[in-house]
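Peer 1: Below are the chains, spelled out letter by letter.
There are 2 protein chains.
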Amino acid sequence: MQYQAPENDLRFLLFDVLGVDKLHELEKYADATPDLISAVIDEAGKLAAEVIQPTNQVGDREGCQYDPQTRSVTTPDAFKSAYKTFVEGGWTALDAPLEFGGQGLPHTLKFVVDEMVCSTNLSLGMYPGLTHGAISALYAHGSEELKQTYLEKLISGQWTGTMCLTEPHCGTDLGLIRTRAKPNDDGSYAIEGTKIWITGGEHDLVDNIVHLVLAKLPGAPDTTKGISLFVVPKFLPDSGERNPAFCGGLEHKMGIKGSATCVMNFEGAKGWLVGEANDGMRAMFTMMNEARLMVGMQGLGLAEMAYQESLGFARERLQSRSLSGPKNPEGPADPIIVHPDVRRMLMRQKVLNEGMRALALFTGHQLDLSVAHPDEDSREAADDLVQILTPVVKAFLTDEGFNNANTGLQVLGGSGFTTDWPLEQLVRDGRIARIYEGTNGIQAMDLVGRKLALKGGRLVRTLFGTLAGYLKDNPEAPHRDQLKEAIRTLEEATGWLAQNAPSDPEQAGAAATPYLRLMALTVIGYLWSRMAAEARTQLDNQAEGNNPALLEGKLVSARFYFEKLLPEVHWLLADIRTGKDSMMAFEDDHWFA
Amino acid sequence: MQYQAPENDLRFLLFDVLGVDKLHELEKYADATPDLISAVIDEAGKLAAEVIQPTNQVGDREGCQYDPQTRSVTTPDAFKSAYKTFVEGGWTALDAPLEFGGQGLPHTLKFVVDEMVCSTNLSLGMYPGLTHGAISALYAHGSEELKQTYLEKLISGQWTGTMCLTEPHCGTDLGLIRTRAKPNDDGSYAIEGTKIWITGGEHDLVDNIVHLVLAKLPGAPDTTKGISLFVVPKFLPDSGERNPAFCGGLEHKMGIKGSATCVMNFEGAKGWLVGEANDGMRAMFTMMNEARLMVGMQGLGLAEMAYQESLGFARERLQSRSLSGPKNPEGPADPIIVHPDVRRMLMRQKVLNEGMRALALFTGHQLDLSVAHPDEDSREAADDLVQILTPVVKAFLTDEGFNNANTGLQVLGGSGFTTDWPLEQLVRDGRIARIYEGTNGIQAMDLVGRKLALKGGRLVRTLFGTLAGYLKDNPEAPHRDQLKEAIRTLEEATGWLAQNAPSDPEQAGAAATPYLRLMALTVIGYLWSRMAAEARTQLDNQAEGNNPALLEGKLVSARFYFEKLLPEVHWLLADIRTGKDSMMAFEDDHWFA
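As you go down the protein sequences, you meet chains A and B in turn.
Per the UniProt record's numbering, the first sequence starts with residue 1, numbered consecutively.
Per the UniProt record's numbering, the second sequence starts with residue 1, numbered consecutively.
Extracted from the complex, chain A is given alone in its bound form (with noise of 0.2 Å):
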């Protein structure tokens, strides 16, 4: 079946419900007119549907081959081209900074690419996924010099970039790495380390892959604070010359099998420091907060996928009669999309996708208002707004993206679970997304431990504040009532941690993942209220160009997450309340008893 891109939807959300067709008012994005929006959106699902999804099935049974005699890596055949015409089309520029030959345009813009993309290859997307974070990394935080360099080829996509954190024995806690710097005597240094999980560490898309690598500087203190950030590239680019940084192996896996994951030996390999010395894990979180956001996308752009697949099947299959009468008298039987149970399973996909994608283009936007508005109290709340919602959008879209994937496969039954269907694909393919960039128990951690804390609380205050605000100004938003009782709910839960961490972090940790959940659940109830409010006013309007059949749809999509969604935020808020004791309690014996 063929990826039709969620264009209405798209359209709905960003010009209708969002206001990102009014982010051209700002002197930033003056090029981001709601016609180029809209050109974006269809450019980028034909590539998707014709370019990119061609090669998704393949690339899986191909796989990457290394070779240990050259330590090189192949892709995929079918990448080479697509890459080829994704580049050519300037996909990898889109928001890329201006000077470097990027387009500038909105970071929405490329959220709604990456969904696309990760719809139709995961694995293939990812080369240039993760060269947009070294982009970001440098452009942030490297010197003039560095950015001449590289950053020109990596906005092309002539180059590609990877991120170097992860080691055998330290993915979560970098504070434990040991990979080196060592100084050369021409300002540059010379890395000795073995990093793994390295995506696009080697392969054979592009003719230069630019590593950033953290490593420790001698004598650098023995934690966080002791790591600085590094760039390598595989080729020195002034000579040409081989840098030592070899593949060393692929990692066999579940899914993502025609992204390259390699094991990475930096055999002495010449670097330049990135940013100042010892400073290297801000660097690494310009790259890691982008890339959370992107993997949430892949999430959602898998279950997306999944969704359309189940949603063709479920109206195809001819199996039992409605319980309601006969939908499809001439045939033998009506298709399942009939049955009640089939539809929950549709239902959860279709309302679920659609509130995450809210969700994230809803974070989208505050992050481009967040560089572009021309108020620096605007700015600072869609900040954030921004930093409190990454690790939310990361962890509960590769959740529920990996959830409704699976959901995906249920409807198809028998034929879901062989390879003759994608789904078996989609779902081997996303269940990495909720373990890499910071695991999603990471990510809650990050929520709890770090961002409700932030700037005295005030991250938390800004959401509660937008939260307020909308119930404030729409006496009549839909579904006011339930919406009202989450944000209480998650008040709640947020004044309980904030009593309850300061002297015990351990309860912190304890609620961290349902309140994370609490969260996200709460923010798509407050977007599923304002794009019923949407629906309902186009609707009572009648407005020509309106879209009645998407408009009701709306209404009853907001219906099903407001009645059968949001009302496990009480289950989440019992499960803080009761606290860290009942997952403490257990000493070495009882778990083994």
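Check before you lean on any hint, since a few could be wrong.
For chains that are exact copies, the list does not tell them apart, and a pair is met inside one copy or across any two.
Stated by the list, open to error - Derived SDA-like pairs: lysine to any residue, alpha-carbon spacing no greater than 20 Å straight-line:
#1 K327 / L176
#2 K225 / P548
#3 K28 / N8
#4 K484 / A574
#5 K484 / H570
#6 K46 / F592
#7 K153 / G101
#8 K225 / L323
#9 K484 / E99
#10 K22 / D9
#11 K28 / D377
#12 K455 / G101
#13 K327 / G457
Calculated from the structure, these hints are not laboratory results.
These numbers come from a predicted model, not from an experiment.
Once you have looked at the hints, place chain B on chain A.
Peer 2: Just chain B, lined up with the frame of chain A:
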């Protein structure tokens, strides 16, 4: 990591909580003394760890091979000797009828062994697993001649059996099947048709394969009331002649790659009617009901293995410091089991696994009472519980088994996504269990659409009687208030169905999935209260031979269940009460707007 059968938990459950050790007081199970039960647990655990587990990963890698020339299937190499050892140990005969060479032991013990086999190799376990269903169908519905011909060799494991139900155009809706049976002159039938997804339809572990095939006799009604069951051997038992029941190919699947999932072409194959003409569905349900319980054990078995792997990993992997101060001050970091969010994942696995085991073995015990209790009312009450809980065991244990396998994978982080660890295989293998033998949606429909109404609603009254009896007899029951509240939500949901479903069956369809889950959580709550009560009593008594670590662990685990997991019932009730409207309102154009 070597599998460790949950022997202590099993003894606690079977002997101290459920009273399975008293089955030997009933004439039918006189052999099932506590010593014998204990020996079965020990020996099965040893077999699983030493013989079966080593075949699991190699079986996944090697898979089954189909040769189109000979239309034969080769199973993974390691399966042959493991199957031989399994058969020689008499494990295929455990609960089979004595008169055909079975050991006639309680079915509960079969459940125990099934869990262990599925923990260590689900694919391998399916060959004898499906055979068991064929044995039961032939024993319950076959003529004396058929029984004499087939049962002994199926029970000994010398032959295996299959269930041939699904066809390309129908799985759930068996009324649509097209396979035909034409009477031959000698009282046999010529079977023509194609069946798909036939587990063990063709393989090389045994000399002969006995297919139980649903087909239609000439002139039979075009509904499930026109289906008959036939036994169709691969080789005719009298002549040894090859019967034209050929494998046309294998499915390519996400998991259970060592299990031969066959397309079966019956090309005029000779078959014999099992039971009455047009009464095949009844015999099919004899197979199906026990297959459903077995599939539940598959979910649990995979979840248990995942738990053991993730627990082992969490105690070894050093990453970051405990939030309450270093726990491994000499090491570079603390084991991740100290972190509350990792504990949450481990506790969730442990507490749900033990609760699911309690639910399954409670149901197994009732199954034994339903056939062996001297008092007719007691037999009927036990049968009520088995019937109503069968879909609950199947669906809940496979849904949560899959979720727990995923939780185990998550504990391992990136390692869990690689094929270096067994977690990703457990997830892939476990995915099918939510689908086959009736998707979990079908289980939920069976519960609300059939089981609730059966015998005038007596099944659910028996269940409520059991729950109410426990509360009445145990005014000091652990977590009594929470349990009482859960039972109240289940009663309310049941009342809502009784009020709304008769006039609108789609309301039953809409409520089915959350209702099944609500029942599962409530009954497991009852069992956790019983386990905690027993643990408290034993701790108070300080009897010799006590395992205080296990007993204290049970108290903590029960608390976790009641605090963190059971409160989901309120969400489920809210879902049920809001009815079908928000899922049935979509028209065709809404889906594609």
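Peer 1: Hint by hint, say whether it matches the structure.
Peer 2: Results of checking the hints against the structure:
1. K327 / L176: between (63 Å within a copy, 17 Å between copies)
2. K225 / P548: neither (56 Å within a copy, 45 Å between copies)
3. K28 / N8: neither (26 Å within a copy, 67 Å between copies)
4. K484 / A574: Answer is both: 18 Å inside a copy and 17 Å across each meet the 20 Å cutoff.
5. K484 / H570: Classified as both; 13 Å inside a copy, 19 Å across copies.
6. K46 / F592: Classified as between; 17 Å across copies, 55 Å inside a copy.
7. K153 / G101: within (9 Å within a copy, 75 Å between copies)
8. K225 / L323: So K225 and L323 pass the 20 Å test across copies only (19 Å; inside, 64 Å).
9. K484 / E99: neither (46 Å within a copy, 67 Å between copies)
10. K22 / D9: Intra 18 Å, inter 62 Å, cutoff 20 Å: intra-copy only.
11. K28 / D377: within (17 Å within a copy, 80 Å between copies)
12. K455 / G101: Result: close neither inside a copy nor across copies, 35 Å intra and 75 Å inter.
13. K327 / G457: Close neither inside one copy (55 Å) nor across copies (30 Å); limit 20 Å.
Hints 2, 3, 9, 12 and 13 from the earlier list are contradicted by this structure; the remaining hints agree with it.
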